[in-house]
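Taken in sequence, the protein lines are chains A and B. According to our numbering, the first sequence is numbered sequentially starting from 1. According to our numbering, the second sequence is numbered sequentially starting from 1.
Hints are supplied without guarantee of correctness; some may be wrong.
[Said to hold, decoys possible] No farther apart than 27 Å at their CA atoms in a straight line, the calculated lysine-lysine pairs in the BS3-like style are these: (1) B/K23 - B/K7; (2) B/K82 - B/K60; (3) B/K144 - B/K90; (4) B/K171 - B/K160; (5) B/K62 - B/K144; (6) B/K5 - A/K308; (7) B/K62 - B/K116; (8) B/K93 - B/K123; (9) B/K7 - A/K308; (10) B/K23 - A/K35; (11) B/K147 - B/K68; (12) B/K147 - B/K160; (13) B/K60 - B/K123; (14) A/K308 - B/K123; (15) B/K23 - B/K88; (16) B/K62 - A/K35; (17) B/K3 - A/K35; (18) B/K82 - B/K147.
If you're looking for bench data, these hints aren't it; they were derived computationally from the structure.
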Amino acid sequence: MNAFLMNLLVLIIAAVAAMAWLGINALVWVYCERKFAGHIQRRPGPFEVGPHGVLQPLIDGLKLMGKQLLTPDNADAVLYWLAPLLSMLPVLLLFLPIPYGPVLTGMDVNLGLLLILAFSSFNGLAVILAGWASNNKWGVLGAARAVSQTVAYEIPLLLTVLAISFMTGTLSLTEITAMQEGYIWNWFIFRNPFTFLSFFVFIIAMFGETNRAPFDLAEAESELTAGFHTEYSSMGFGLFFMAEYGYMVVMCSVCSVLFLGGYHGPIPGIDGWWWMLVKTYALLSLMVWARWTYPRVRFDQLLNINWKWLLPLATFNLLAIALIVKL
Amino acid sequence: MGKFKEKVIQPILDSWSLIVGLKITGKYFFKPLITVHYPRQVIDDENLETYGGHVELIGKPKDPATPKCISCMMCVTNCPSKCLTVVKSKPPKLTAAEEEAMKAAEEAGEKVVKPKAPKNPAKFLYDYTLCSLCGTCIDNCPAKSLKFSNNIYWVATSRKEMKIDLLARLKEQATELSAPAPKTEAAPAAAEKEA
Ligand code: SF4
Ligand code: SF4
Numbered sequence: 001m002n003a004f005l006m007n008l009l010v011l012i013i014a015a016v017a018a019m020a021w022l023g024i025n026a027l028v029w030v031y032c033e034r035k036f037a038g039h040i041q042r043r044p045g046p047f048e049v050g051p052h053g054v055l056q057p058l059i060d061g062l063k064l065m066g067k068q069l070l071t072p073d074n075a076d077a078v079l080y081w082l083a084p085l086l087s088m089l090p091v092l093l094l095f096l097p098i099p100y101g102p103v104l105t106g107m108d109v110n111l112g113l114l115l116i117l118a119f120s121s122f123n124g125l126a127v128i129l130a131g132w133a134s135n136n137k138w139g140v141l142g143a144a145r146a147v148s149q150t151v152a153y154e155i156p157l158l159l160t161v162l163a164i165s166f167m168t169g170t171l172s173l174t175e176i177t178a179m180q181e182g183y184i185w186n187w188f189i190f191r192n193p194f195t196f197l198s199f200f201v202f203i204i205a206m207f208g209e210t211n212r213a214p215f216d217l218a219e220a221e222s223e224l225t226a227g228f229h230t231e232y233s234s235m236g237f238g239l240f241f242m243a244e245y246g247y248m249v250v251m252c253s254v255c256s257v258l259f260l261g262g263y264h265g266p267i268p269g270i271d272g273w274w275w276m277l278v279k280t281y282a283l284l285s286l287m288v289w290a291r292w293t294y295p296r297v298r299f300d301q302l303l304n305i306n307w308k309w310l311l312p313l314a315t316f317n318l319l320a321i322a323l324i325v326k327l
Numbered sequence: 001m002g003k004f005k006e007k008v009i010q011p012i013l014d015s016w017s018l019i020v021g022l023k024i025t026g027k028y029f030f031k032p033l034i035t036v037h038y039p040r041q042v043i044d045d046e047n048l049e050t051y052g053g054h055v056e057l058i059g060k061p062k063d064p065a066t067p068k069c070i071s072c073m074m075c076v077t078n079c080p081s082k083c084l085t086v087v088k089s090k091p092p093k094l095t096a097a098e099e100e101a102m103k104a105a106e107e108a109g110e111k112v113v114k115p116k117a118p119k120n121p122a123k124f125l126y127d128y129t130l131c132s133l134c135g136t137c138i139d140n141c142p143a144k145s146l147k148f149s150n151n152i153y154w155v156a157t158s159r160k161e162m163k164i165d166l167l168a169r170l171k172e173q174a175t176e177l178s179a180p181a182p183k184t185e186a187a188p189a190a191a192e193k194e195a
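Based on the provided sequences and hints, a complete structural model is requested.
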């Protein structure tokens with residue numbers, strides 16, 4: 001019984017830490033993204049609130065919270081308000097199995113990878129509920145598009161993840177990290193050419209999964225005025241927004257665990273949570289960088305990229321890795 | 001084989017352009033900013049030269065407070081947005097004594113020259129809220145009396161403020177120019193007032 005209480009305590013602490021981590025990351029990355037965008041376009045980005053505008057996201061958050069919560073006429077109020085919560089709450093859970101360090105693992109479960117993949121699919125449900133319950137045609141169209149995108153990109157993502165778990169024979173993120181200990185060539189990205197390919201497929205699918213530009217069609221403001229969250233005001237929108245950043249952080253963390261050695265440094269003996277942070281943030285920067293570089297793709301292009309390129313690639317990749325493992 | 005090349009090989013080769021794109025934006029990321037932090041900095045005069053703000057009058061070279069305008073109404077007729085109003089000057093009113101003298105001269109058979117109206121307009125009003133900055137008025141002015149200003153820091157909180165009297169503005173400019181204060185110092189001062 002004592003062990004159970006102990007576990008519960010750890011879990012609660014981890015959940016609170018995950019919440020804080022998510023909040024901090026959302027704030028930091030909203031700011032970083034705007035600064036990045038600014039500098040790429042050779043303007044300063046946010047500058048007025050606080051030194052170099054560092055307090056801007058905080059103020060924006062306050063402003064968002066100060067707004068009125070509106071439910072559209074004839075909307076299904078229960079589903080309508082359930083959607084943002086459903087989008088946000090699973091994200092907290094997603095942080096638990098990620099090993100940020102030898103000790104910094106919220107919940108060391110055997111099926112960590114499965115847990116992440118399963119719960120990240122909740123976002124699709126949240127999006128379709130939001131779109132449907134809004135009683136708004138842009139909402140419905142946006143939701144339909146968002147879901148067909150999420151579902152499509154989930155498949156290559158799963159296939160590449162499957163390839164890694166074939167190689168390692170486990171679904172536990174902690175064990176996968178442990179197998180990459182040592183020098184930099186022990187990282188899965190450098191194991192063999194196919195894992196190298198997996199990495200790229202994963203990255204592209206990650207962009208699609210998290211609705212990030214150039215695949216941000218779920219909220220294409222020029223065609224759908226915002227898509228599935230058109231009707232949401234105040235923190236209803238805020239939760240979707242936070243969830244998006246949360247998923248970004250989770251995906252990048254998973255990517256660094258699967259391919260970049262998690263909390264292991266490039267040479268033995270210097271492991272630590274900071275490596276995880278560096279890798280995750282490098283990947284996040286890449287996402288932001290790509291957003292301000294590529295134009296948004298058209299919807300048929302988006303699906304073509306996935307069904308005609310990523311899926312065959314991922315399948316081929318999986319077969320090749322299976323072959324290597326078998327040999 | 002040709003189809004395979006076109007549909008499979010070429011797209012893969014084309015993917016290189018993604019890297020090129022990242023390289024370009026990456027390079028710009030490290031370049032110095034070109035935006036001006038407005039209330040603290042202002043744009044230098046050299047860069048302002050090409051800015052086309054609202055329309056304004058040009059003064060005579062010798063008398064900068066009066067415009068070159070000859071009240072021909074070309075600008076008013078040509079403006080597609082009807083934002084200019086020009087009122088011609090009336091001939092100066094004669095005093096009673098002068099009128100007497102003129103009458104007397106006429107009766108005596110002399111040739112009398114009635115005083116003509118001055119060519120300069122009495123009023124020159126301009127509504128910036130309507131102007132499309134098309135430049136038609138400028139191109140059509142026979143006296144070359146109109147130009148785009150480089151008044152970049154002009155903001156107003158009501159429509160009324162956007163209706164300006166260009167003659168008054170020209171006068172102001174003329175006094176500003178004759179004042180000893182150099183132009184570069186005047187700009188930040190104006191900026192501060194607005195901020
Ligand atoms: S710029 Fe065009 S719209 Fe503006 S006052 Fe001149 S003619 Fe009219
Ligand atoms: S066209 Fe030129 S000269 Fe004629 S009224 Fe207009 S400003 Fe004056």
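Each hint tested on the structure:
1. B/K23 - B/K7: This hinted pair holds, its Cα atoms lying about 26 Å apart.
2. B/K82 - B/K60: OK: B/K82 and B/K60 at ~25 Å, within 27 Å.
3. B/K144 - B/K90: Answer holds: B/K144 to B/K90 is near 23 Å, not above 27 Å.
4. B/K171 - B/K160: holds (20 Å)
5. B/K62 - B/K144: Distance of about 15 Å is within 27 Å: holds.
6. B/K5 - A/K308: The hint holds at about 15 Å.
7. B/K62 - B/K116: With a Cα-Cα distance of about 22 Å, the restraint between B/K62 and B/K116 holds, given a limit of 27 Å.
8. B/K93 - B/K123: Holds, at roughly 17 Å.
9. B/K7 - A/K308: Holds, at roughly 11 Å.
10. B/K23 - A/K35: holds (18 Å)
11. B/K147 - B/K68: Given pair B/K147, B/K68 holds - Cα atoms ~12 Å apart, limit 27 Å.
12. B/K147 - B/K160: With a Cα-Cα distance of about 22 Å, the restraint between B/K147 and B/K160 holds, given a limit of 27 Å.
13. B/K60 - B/K123: Answer holds: B/K60 to B/K123 is near 17 Å, not above 27 Å.
14. A/K308 - B/K123: violated (70 Å)
15. B/K23 - B/K88: Given pair B/K23, B/K88 is violated - Cα atoms ~61 Å apart, limit 27 Å.
16. B/K62 - A/K35: violated (51 Å)
17. B/K3 - A/K35: At roughly 44 Å apart (the allowed maximum being 27 Å), A/K35 and B/K3 break the hint.
18. B/K82 - B/K147: Holds, at about 17 Å.
Of the numbered hints given earlier, the model fails hints 14, 15, 16 and 17; all others are met.
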